[in-house]
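2 protein chains.
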Amino acid sequence: MGAAKFLRGLVRRIDPARLTVIVNTGDDEEFYGLHVSPDLDTVTYTLAGVVNRAQGWGLEGESFNALAALERFYGKPWFGLGDRDLATHLYRTEQIRNGSALDAITASLAGTFNVMSTILPMSNDRVRTFVKLRGRAAIPFQEYFVHGRARGAIERIELRGIDRARPAPRVLAALRSSDAVFLAPSNPFVSLGPILALKGVREALGKNRDRVAAITPIIGGRTVKGPADKMLRGLGLEVSALGVARLYRDIVGTFILDSADRTLAPKIEALGMRTITTDTIMSTAARAARLADVVLRALGL
Amino acid sequence: MGAAKFLRGLVRRIDPARLTVIVNTGDDEEFYGLHVSPDLDTVTYTLAGVVNRAQGWGLEGESFNALAALERFYGKPWFGLGDRDLATHLYRTEQIRNGSALDAITASLAGTFNVMSTILPMSNDRVRTFVKLRGRAAIPFQEYFVHGRARGAIERIELRGIDRARPAPRVLAALRSSDAVFLAPSNPFVSLGPILALKGVREALGKNRDRVAAITPIIGGRTVKGPADKMLRGLGLEVSALGVARLYRDIVGTFILDSADRTLAPKIEALGMRTITTDTIMSTAARAARLADVVLRALGL
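Listed in order, the protein sequences are those of chains A and B. Positions 1 to 301 (the numbering used here) are the ones given, in order, by the first sequence. Positions 1 to 301 (the numbering used here) are the ones given, in order, by the second sequence.
Calculated directly from the structure, the hints in this document are not laboratory data. Just so you know, these numbers come straight off a predicted model, no measurement behind them. Each hint should be verified, as a subset may be incorrect.
What follows is a list of derived Cβ distance ranges for each label pair [said to hold, decoys possible]:
no., chain 1, residue 1, chain 2, residue 2, range
1, B, Gly99, A, Gly80, 27 to 33 angstroms
2, A, Arg13, B, Gly61, 42 to 48 angstroms
3, B, Ala101, A, Arg134, 41 to 47 angstroms
4, A, Phe79, B, Ala54, 30 to 36 angstroms
5, A, Ile14, B, Gly56, 53 to 59 angstroms
6, A, Pro16, B, Arg160, 47 to 53 angstroms
Covered by chain B, according to a simulated footprint, are these stretches of chain A (three or more residues, beta-carbon under 8 angstroms) [as the list claims (entries may be wrong)]:
no., stretch
7, 30-39
8, 91-105
9, 146-155
Just a sample of chain A residues kept apart from chain B, beta carbon distances all over 10 angstroms, derived [said to hold, decoys possible]:
no., residue
10, Arg18
11, Gln55
12, Asn65
13, Ala66
14, Ala87
15, Thr112
16, Asp125
17, Gly220
18, Arg222
19, Val239
20, Arg249
21, Ala265
22, Asp279
23, Arg290
All C-beta atoms, glycine included, are put in the ideal place defined by N, C-alpha and C.
Based on the sequences and whatever the hints tell you, model everything.
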């Protein structure tokens, strides 16, 4: 998750209490009757410093005994839920059943993990990302991404429920009033896409383009991790930082591309964006912090 | 749990497939949004040979990592839920939410654990046992028994929901058609009591008293384990095998008492019961099997 790496760098450079993270919930899924919010948990665990960094999700030093026992009832598991991670899902699920909204639960979870930043689910309403592969019916994102290991030619991304979903209460205000907004180097379709598709989000960003920066998730025609490159290709778009920049032209004033792609800078600038060319590969915490520095400086912070 | 020990002995002596176990659900409880059926699980795990025998509940070789993590959200846990045991509760809870009845779920769980016997919850309807202690409001059974460690003077047992609850579909038929019915050496008030209080159960047993045997849970004026003795005392009843026999006089034809209490036999027989005096302490599997032998023989099996 490029977003998690970037966040880790960012909170080395700014006061975490000043940070609001707006998180995709389109790939939330129910497993074993539990409401699992993979992106919210990864952000929470990352900012709490307890994420399993090697795998990029879940908690460090996890055991998987409950999951192994669930196999007896449900067949071979394909989604990793650690024993301690289960506590998070049990708590969230019980709170939802008791009528709490996802943003309140998310705040409570963040507080419990001593996270100083504000973590907002993009919406309290249900949005579910489905992926349509060639020759197959659309399947929920986690089935495509985790169970199917992101294989298959992508024809279409469906954001089910997006038309009825409202941004969570503080989302638009955060986008409007923040000194800067960063679009993390995340998948433009299935990570940022659902957030950007919510009513009012593109408008809020578009009115403040000069305070909005995006970091490319595509370097040298490929993603560091994840299927963003395959998705661009499947959707008939250019698989490059330029292809990504085109998706953001109405909402992003500053585009951060990798030095490897410096020849694309003029074409991106021709879209009406300022560009910053830098090393965007966050292979260490120090490199992530350095990238955060560059991005913060680019917006005059 | 005297019932579990007796069952372990019984299935050494009869074909487990011939056995139907009717189980109390009055001490079911919700923990962390999960429906937990302690008695059903103990019976299932016992018959599956996977119970933790030392503690008398839960699975052998369990870890408790999820429970430790739940403390973060819910405070110190007082009810033991192991990681692998959680799979059982997750499955049951999801099935209940999907509209399945507890007897169907119980059968499915038993099948999954390769249990050959039939395990029936006493009812698919909600019955909850509350305990009224002197000077306190009534509390749910598990709060009294596990959280409160069975302390306090008992004034009253309340079986909430019992008037509206129906026996699960196959319960009365099993009681009527079995070659023999055994009342396990369990607590007469909170383990057997809820079952016996269901509409039709005492009648079904009363019509077949000669095929019904009860094993005393009180030996020498005390229980081997659990609060049955304190409950007898608190309710103003005699704390002895005779005190227990009086509770069953309309439904039990044969009463099994411990050799230590042989002087009580004439008084129990005066209630209209046949008595068998034997060693009822099931400190080993062999002793439990020997007790099963005695009880089976007493009913001509």
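Results of checking the hints against the structure:
no. : hint                                    : verdict
1   : B/Gly99 - A/Gly80: 27 to 33 angstroms   : holds (29 angstroms)
2   : A/Arg13 - B/Gly61: 42 to 48 angstroms   : holds (47 angstroms)
3   : B/Ala101 - A/Arg134: 41 to 47 angstroms : holds (43 angstroms)
4   : A/Phe79 - B/Ala54: 30 to 36 angstroms   : holds (34 angstroms)
5   : A/Ile14 - B/Gly56: 53 to 59 angstroms   : holds (55 angstroms)
6   : A/Pro16 - B/Arg160: 47 to 53 angstroms  : holds (48 angstroms)
7   : 30-39                                   : holds (count 3)
8   : 91-105                                  : holds (count 4)
9   : 146-155                                 : violated (count 0)
10  : Arg18                                   : holds (25 angstroms)
11  : Gln55                                   : holds (17 angstroms)
12  : Asn65                                   : violated (4 angstroms)
13  : Ala66                                   : violated (4 angstroms)
14  : Ala87                                   : violated (4 angstroms)
15  : Thr112                                  : violated (5 angstroms)
16  : Asp125                                  : holds (21 angstroms)
17  : Gly220                                  : holds (41 angstroms)
18  : Arg222                                  : holds (37 angstroms)
19  : Val239                                  : holds (41 angstroms)
20  : Arg249                                  : holds (43 angstroms)
21  : Ala265                                  : holds (47 angstroms)
22  : Asp279                                  : holds (38 angstroms)
23  : Arg290                                  : holds (34 angstroms)
The structure fails to meet hints 9, 12, 13, 14, 15 from the earlier list, while all remaining hints are met.
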